[in-house]
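Using the sequences and the accompanying hints, generate a full structural model.
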Amino acid sequence: MPTLRVVPLRRPWLWSSSALFVALLAWLAVAIWRNPNIQHAVIWQFQFAPAILQGLRTTVVLALLAAVIGLGLGIVLAVMRLSDSRVLRLGSGLYVWLLRGTPLLVQILVWGNFALLFATIGPFSTNAVLTPFVASVIALGLNEAAYMAEIVRAGILAVDRGQHEAALALGMSRALALRRIVLPQALRVIIPPAGNQFISLLKATSLVSVIAGGDLLTAAQNISSANLHTIELMLVATFWYLAITSVSSLGQHAIERRLGRAAAQTHAAR
Amino acid sequence: MPRAEPTHAAARRVMVDAQDVHKRYGRDEVLKGISLQVPAGEVLCLIGPSGSGKSTLLRCINHLEKIQAGRIEVDGEPIGYRQRGDVLYELPEREVCRQRAHIGMVFQRFNLFAHLTVMQNIVEAPLHVKREPKAQAQQRALALLERVGLADKAGAYPGHLSGGQQQRVAIARALAMQPKLMLFDEPTSALDPELVDEVLAVMRGLADDGMTMIVVTHEMAFARDAGDRVAFMDGGVIVESGPPGELLARPRHERTRAFLSRLIDEAKAA
Numbered sequence: 001m002p003t004l005r006v007v008p009l010r011r012p013w014l015w016s017s018s019a020l021f022v023a024l025l026a027w028l029a030v031a032i033w034r035n036p037n038i039q040h041a042v043i044w045q046f047q048f049a050p051a052i053l054q055g056l057r058t059t060v061v062l063a064l065l066a067a068v069i070g071l072g073l074g075i076v077l078a079v080m081r082l083s084d085s086r087v088l089r090l091g092s093g094l095y096v097w098l099l100r101g102t103p104l105l106v107q108i109l110v111w112g113n114f115a116l117l118f119a120t121i122g123p124f125s126t127n128a129v130l131t132p133f134v135a136s137v138i139a140l141g142l143n144e145a146a147y148m149a150e151i152v153r154a155g156i157l158a159v160d161r162g163q164h165e166a167a168l169a170l171g172m173s174r175a176l177a178l179r180r181i182v183l184p185q186a187l188r189v190i191i192p193p194a195g196n197q198f199i200s201l202l203k204a205t206s207l208v209s210v211i212a213g214g215d216l217l218t219a220a221q222n223i224s225s226a227n228l229h230t231i232e233l234m235l236v237a238t239f240w241y242l243a244i245t246s247v248s249s250l251g252q253h254a255i256e257r258r259l260g261r262a263a264a265q266t267h268a269a270r
Numbered sequence: 001m002p003r004a005e006p007t008h009a010a011a012r013r014v015m016v017d018a019q020d021v022h023k024r025y026g027r028d029e030v031l032k033g034i035s036l037q038v039p040a041g042e043v044l045c046l047i048g049p050s051g052s053g054k055s056t057l058l059r060c061i062n063h064l065e066k067i068q069a070g071r072i073e074v075d076g077e078p079i080g081y082r083q084r085g086d087v088l089y090e091l092p093e094r095e096v097c098r099q100r101a102h103i104g105m106v107f108q109r110f111n112l113f114a115h116l117t118v119m120q121n122i123v124e125a126p127l128h129v130k131r132e133p134k135a136q137a138q139q140r141a142l143a144l145l146e147r148v149g150l151a152d153k154a155g156a157y158p159g160h161l162s163g164g165q166q167q168r169v170a171i172a173r174a175l176a177m178q179p180k181l182m183l184f185d186e187p188t189s190a191l192d193p194e195l196v197d198e199v200l201a202v203m204r205g206l207a208d209d210g211m212t213m214i215v216v217t218h219e220m221a222f223a224r225d226a227g228d229r230v231a232f233m234d235g236g237v238i239v240e241s242g243p244p245g246e247l248l249a250r251p252r253h254e255r256t257r258a259f260l261s262r263l264i265d266e267a268k269a270a
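Protein chains in written order, with the numbering used here: chain A, 1 to 270; chain B, 1 to 270.
Pulled a few chain B residues facing chain A out of the computed Cβ check, cut under 7 Å:
#	residue
1	Asn62
2	Glu93
3	Cys97
4	Arg100
5	Ala101
6	Met105
7	Arg109
8	Asn111
9	Phe113
10	His115
11	Ala125
12	Val129
None of these hints come from the bench; they were simulated from the model.
The beta-carbon is built from N, C-alpha and C at its ideal position, and this holds for glycine as well.
Here it is, written out as structure tokens:
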């Protein structure tokens with residue numbers, strides 16, 4: 001019998017819409033690149049300027065500090081939410097309700113203008129303690145904690161109750177069982193949304209420019225308000241934001257792959 | 001290995017002493033006044049229809065469940081509570097953990113720690129609850145794995161083991177704490193039929209070594225030839241108890257007869 005040839009279905013619409021999409025994209029790129037209002041020299045001048053790199057460093061440090069506060073406080077809030085005490089459950093619920101239910105921009109403005117509320121903190125002047133940077137870390141960290149609390153809570157609930165019971169039956173305290181048995185297994189469920197949350201956080205740092213937080217966007221705006229090349233400096237900032245979010249995406253995938261391997265082992269023989 | 005003869009029972013100390021134990025979930029009373037004595041070295045099999053309170057009684061003995069009235073003593077020590085006058089005060093968590101460390105428990109669903117290897121599962125509690133030196137804990141773990149016939153699986157994750165192997169590891173994990181009492185909650189109910197015998201063999205060996213065991217089970221063959229005594233529970237009370245030969249062959253109560261004949265019918269149908 002002769003071998004039969006296979007002809008795939010022709011899909012002219014798929015081809016023409018793809019071609020149209022590529023053409024539009026090319027047109028947009030050329031329109032921006034050829035635009036007489038954009039001076040490429042300004043972009044090159046500031047892409048690696050010390051002030052921009054300083055802002056980039058501040059943005060990364062801000063995000064990392066806020067993520068650490070968010071994770072730590074988020075675990076505490078999640079455990080409170082799952083505790084036997086109605087007061088602790090309510091307290092955690094109120095915290096999440098308040099910080100997730102109000103705009104981050106408002107929270108940043110409140111922390112940045114805290115001196116208007118309390119002029120002194122103990123013996124210290126509020127403005128001396130809550131520098132724009134410190135206020136930014138607090139505002140972002142506390143906000144992050146509200147989201148992380150929900151993520152961690154979902155992670156803990158995803159771990160089979162029997163794991164906790166087996167740990168207790170061996171004589172572990174509830175705290176030890178949480179730390180050694182439940183949280184390590186919850187991590188597999190926590191990491192993917194926590195990674196998304198971190199990328200959101202990296203971009204949310206730009207909001208602290210409203211209290212002169214010294215971040216990447218503040219640095220870019222300081223320069224553009226002097227030389228009036230607003231779009232060029234936004235392109236400079238855009239490049240760096242894309243760079244750091246891409247790096248953290250790669251990090252997230254790497255961690256997920258490692259945890260995924262362990263999970264595959266766990267479920268293989270069930 | 002020669003068995004300690006039950007005729008010495010009078011001279012032996014009482015390992016478990018339950019007096020008029022009541023347990024309620026809301027309005028639902030699942031234990032309606034259970035009294036039970038288990039001498040050291042005895043193997044007591046708890047049988048009865050599902051929902052009769054067997055598993056709940058077991059979980060009260062290591063205080064995974066709180067009781068509403070009555071008292072349970074293990075090796076002369078009241079579990080979970082301290083009596084002053086006519087009042088029982090619940091013990092602080094530290095004390096409850098110390099008591100649980102001496103009581104091993106094996107679950108229907110194995111509940112091995114999924115993120116840890118077989119070896120790590122076994123040494124987890126000795127290292128972190130008893131604070132044993134690592135070398136000593138690992139040495140005993142290997143001896144226990146040898147005993148349950150899984151010496152070659154020390155590095156495997158639970159997900160890579162069959163149900164029977166997982167349950168044998170779970171028994172080794174409980175034994176690693178050198179308990180004076182072992183509780184088995186339907187240890188073979190979640191297993192494929194061909195894997196039941198390997199687990200029962202390990203439990204028989206344990207019984208022959210004189211371990212005090214309370215076994216909730218549907219395995220009448222095990223109850224008959226490994227049990228010293230069988231107690232039949234129904235509706236939250238112990239209906240009758242006695243040597244397996246007597247109780248299984250000539251039950252005194254109508255409910256026991258009905259339960260046993262139903263089991264035989266099911267066995268015939270299967």
